[in-house]
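The listed protein sequences derive, respectively, from chains A and B. Residue numbers for the first sequence follow my numbering, beginning at 1 and rising by one. Residue numbers for the second sequence follow my numbering, beginning at 114 and rising by one.
By construction, these hints were calculated from the structure, which means they are not laboratory data. Just so we're clear, the structure is a prediction, and the values are computed from it rather than from any experiment. A virtual CB, placed ideally from N, CA and C, is assigned to each residue, including glycine. The reader is advised that the hints may include incorrect statements.
As the list claims (entries may be wrong) - In silico DSS-like links for lysine-lysine, alpha-carbon gap of 27 Å or less:
1) B:170 x B:196
2) B:184 x B:127
3) A:112 x B:127
4) A:49 x B:196
5) A:61 x A:112
6) A:100 x A:112
7) A:49 x B:127
8) B:183 x B:170
9) A:100 x B:122
10) B:122 x B:196
11) A:49 x B:184
12) B:170 x B:122
13) B:170 x A:49
14) B:127 x B:196
15) B:170 x B:127
16) B:127 x A:100
To be verified - If the Cβ cut is set under 10 Å, some of the chain A residues that face chain B in the computed set are:
17) 32
18) 43
19) 44
20) 45
21) 81
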Amino acid sequence: AQSVTQPDIHITVSEGASLELRCNYSYGATPYLFWYVQSPGQGLQLLLKYFSGDTLVQGIKGFEAEFKRSQSSFNLRKPSVHWSDAAEYFCAVLMEYGNKLVFGAGTILRVKS
Amino acid sequence: DGGITQSPKYLFRKEGQNVTLSCEQNLNHDAMYWYRQDPGQGLRLIYYSQIVNDFQKGDIAEGYSVSREKKESFPLTVTSAQKNPTAFYLCASSPRGTLNTEAFFGQGTRLTVV
Chain A
1 AQSVTQPDIH ITVSEGASLE LRCNYSYGAT PYLFWYVQSP GQGLQLLLKY FSGDTLVQGI
61 KGFEAEFKRS QSSFNLRKPS VHWSDAAEYF CAVLMEYGNK LVFGAGTILR VKS
Chain B
114 DGGITQSPKY LFRKEGQNVT LSCEQNLNHD AMYWYRQDPG QGLRLIYYSQ IVNDFQKGDI
174 AEGYSVSREK KESFPLTVTS AQKNPTAFYL CASSPRGTLN TEAFFGQGTR LTVV
């Protein structure tokens with residue numbers, strides 16, 4: 001069955017430190033991959049997406065992600081975290097068959113000053 | 114402005130009552146989705162619809178029902194059969210058949226059973 005795994009439920013980083021959030025997917029065909037961010041009590045905002053082409057994609061707010069087909073991964077990175085980045089981050093995969101959008105369980109990012 | 118509107122933002126329901134959550138979009142999107150969000154479980158798909166008058170069950174459809182009579186609207190009814198309905202509900206939409214784009218989300222409805 002198709003699935004998306006975010007292994008880290010919580011991550012705490014210091015302000016200014018680098019960040020990497022992990023995402024692995026299980027899907028037989030080429031996936032369409034997304035990272036969303038959610039502030040408490042709010043909807044989801046798209047950070048970046050990958051459909052094809054360059055496997056390193058740039059997003060908003062200084063985020064980037066790299067698609068690695070051999071590892072079935074799409075990890076999110078940021079070189080220097082700001083306190084305003086504290087939120088919950090979701091990785092998602094769009095299953096082409098049936099146009100079904102599946103999310104991981106999310107990673108809560110805490111930023112300490 | 115184009116977007117997705119969910120209403121109400123907060124909803125309280127007595128046990129045994131049905132309640133309907135509204136989701137309206139003016140983005141001219143064909144596909145619409147309903148997700149349930151619980152702490153530590155991410156977003157779980159309840160129902161989704163690719164076109165008007167058609168919808169499919171997601172992973173946790175039991176105790177829920179939907180309709181898609183208009184392209185703009187995809188209301189979700191939480192029935193009394195749903196044993197644990199207290200949660201945050203998110204509606205989303207995306208263009209159908211155009212996979213190189215993302216889903217857009219509403220601001221959510223927080224349902225509490227009292």
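May I ask which of the numbered hints given earlier this structure violates, with the numbers listed in increasing order? 2, 3, 4, 6, 7, 16 and 21
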